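Protein chains: 2
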Amino acid sequence: MTRFTSGATTDVLVVGGGIIGLAVAWRARQRGLGVVVADPAPGGGAAQVAAGMLAPVTELQYGEEPLLRLGMASNERYAAFTAELEEASGLPTGYRACGTLAVALDSDDREELRELHAFHRRLGLDSAWLTGRECRKLEPMLAPGVRGGLHVADDHQVDGRRLAAALVAACERAGVLLHRAEAVELLVAGGRATGARLSTGELLGAGQVVLAAGPRSHLLPGLPEGVLPPVRPVKGQILRLRVPEAYRPFLSRNVRAVVRGQHLYLVPREDGELVIGATSEEQGYDTTVTAGGVYELLRDAHELVPGITELPLVETSAGLRPGSPDNAPLLGPTALPGLVAATGHYRNGVLLTPVTGDLLAEYLATGATPPLAAPFSPGRFAAGPPAAAAVPAGAAPSDLSTPAKALA
Amino acid sequence: MTRFTSGATTDVLVVGGGIIGLAVAWRARQRGLGVVVADPAPGGGAAQVAAGMLAPVTELQYGEEPLLRLGMASNERYAAFTAELEEASGLPTGYRACGTLAVALDSDDREELRELHAFHRRLGLDSAWLTGRECRKLEPMLAPGVRGGLHVADDHQVDGRRLAAALVAACERAGVLLHRAEAVELLVAGGRATGARLSTGELLGAGQVVLAAGPRSHLLPGLPEGVLPPVRPVKGQILRLRVPEAYRPFLSRNVRAVVRGQHLYLVPREDGELVIGATSEEQGYDTTVTAGGVYELLRDAHELVPGITELPLVETSAGLRPGSPDNAPLLGPTALPGLVAATGHYRNGVLLTPVTGDLLAEYLATGATPPLAAPFSPGRFAAGPPAAAAVPAGAAPSDLSTPAKALA
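Heads up: the sequence lines are chains A and B, in that order.
Residues 1 to 408 (UniProt numbering) make up the first sequence, in order.
Residues 1 to 408 (UniProt numbering) make up the second sequence, in order.
With the rest of the complex left out, here is chain A (with noise of 0.2 Å):
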């Protein structure tokens, strides 16, 4: 039996401080759970690159249903949620309600756009179909070649950063205690997880164990085979740009579009930051920032906004979203008694960190898996097929151009 170290044992070890990891360590410890979170530097990890644009409506596509309830789910919590982390850290998140313009550089998208909208007519989502003059009334400074979009009210931003940071406060001050160190050895006896081997040579007992390490989850040592599929490094690149007071409002809303069949997006801040995203890259766990990523970054949002050459560049920078086989998220008791995933969420992670942080308090609580919970259990990979959560095999992934693709 394994000797933990001294006095070091509580209710819940969550092993990663992400913004996942901290919002399931604060939610699981205003339940009253005695909470730990390993990690060596919380508050780190893809957050701190993200663009925090709280998209589930104009990310929609076919057979991602459970994909949708729980990203709305997530979005309708996102005010109550950072305005009671707002208050319990003391710090701002950089939420703003902006709505998001998705719009059509050329006929093609414009097809798939209004694809789009009668999706969501059909799933009763709330989203305006705009013509390209009615775009640019909106957005002045979209291009003139724009030739439609959609007008979505509700799908808002957050600051990854500012998030991250007042999640950490907010953990901090409930009593949550930050280990900064790194889970090197999850600790397995009598076929249940029972805590962490930590980089400091500590061994940390735990009632339950969360495993939050985003791309790097299955690679933790000490993981029998089998519990976790494995969740892959989709690397993005990201730029930040500063509006100089006298160009504001540049933007006002989240603009999207989709250039040449990648995701772009243009993230406005209140701050007068401009954050342009993504790359999608599969190639390891590798956050180099690449000339080729900044080029085509600065090249489609040349496209959809001209008037961005004349900004600022502030900031280059890289993260590895954590993508399991389906692309959906892992949440919920593995088949490892003791041992419950909250990881893999991919594009989604800023969106669906209220959600998560719910959903898992309320299972390290009780025991049972919410209903919303259950499509995305990460014992869905053993028996076969994916299930209902799953994406559409060969669709990319929360792509707009997936409707027609997935039909095809």
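Be aware that a few hints might be false.
[Said to hold, decoys possible] Chain A stretches covered by chain B per the calculated footprint, using a threshold of three residues with CB under 8 Å from any CB of chain B: (1) 280-292; (2) 345-353.
[As the list claims (entries may be wrong)] Computed list of chain B residues with no C-beta within reach of chain A, every gap over 12 Å: (3) 31; (4) 110; (5) 115; (6) 128; (7) 133; (8) 144; (9) 282; (10) 288; (11) 306; (12) 369.
No lab work stands behind these hints: they were computed from the structure.
Owing to the predicted nature of the structure, the values given are computational and were not obtained by experimental measurement.
C-beta: ideal position from N, C-alpha, C; glycine also.
Dock chain B against the given chain A, drawing on the hints supplied.
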């Protein structure tokens, strides 16, 4: 009469410790003069951003023979200058005798390069015409569309940052006093420059004052009107990429072209850094890196060397070149006795550093203007039309496309 701070007098006070000021200081000190350099951060300035291409031949244009002679003289001194500097400072300068390949991307470019080649031959300069295939044999990463080029064996490179650091060290070792403060006023008494007031309040007396403050030279308070022509700031944005070991040698020599009317050059350093420059923007004292500047450099470099997209983008930066009214440097005594100019080097500051140091030290030590410096007298603007040193009116300075335009 000005009262100098007790004991604070020197033979030569150099205002501005960029590479030009430091080279003058070092060389003057070697002549036995007492030298003080006033600069809050010696070794800073445009050299921190410069690509460091030493290209008097590939940058040649009609009407510029005196500047060509000056550039050639400096280029010829570079190997010995950097060897001596490395010895004196104990630091590397990154001097690399690699040659330069100027290529044409279309038939117009080719025609202009052919004219430049003919001009080289008339002047007895060493350059070789290559077909597109021969260019790609030298540099296999070049775009398939390259139509031909000029190989100039004697146009090399140096690392501006290393050069600056070596000059700082050499000055210190040689006994130049680096006064880390700003000169805030030129002191003038009896119709003669007598020193400067520093930001510390100190009054520093000097037998001769060298103005080497780049694009801020003419702004020094106390400078009588008409003594120095305006030196305008010409912004250059530049990128630094890194060539991973596995990709080396990516380029083996400087590669340049004119793309959409802009000079583009790729300067591969021996340590794997690849510098891509540079924009040329006249908009005051602004060193903001813009989305548009970075975009254009990446777009044009990608057209010339498509494989750059794979390389990490490490740094973006912007600096200010000091441009005189005719874009040729201001070297030697001014109309104000005791005040000597060493500024206005525009795009040629790194190239002209050795010769400027030599010529100015000669003048400071002997009071005689060396013949090579004569065409660059700061007084040349006082007497009507620009002198022989000038770039033809209406020509883009140092533009490879200039021969045709200047003749038109």
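Hint-by-hint comparison with the structure:
no., hint, verdict
1, 280-292, "holds (count 5)"
2, 345-353, "violated (count 0)"
3, 31, "holds, 45 Å"
4, 110, "holds, 26 Å"
5, 115, "holds, 32 Å"
6, 128, "holds, 30 Å"
7, 133, "holds, 26 Å"
8, 144, "holds, 18 Å"
9, 282, "holds, 15 Å"
10, 288, "violated, 5 Å"
11, 306, "violated, 9 Å"
12, 369, "holds, 43 Å"
Hints 2, 10 and 11, counting from the list given before, are not met by this structure.
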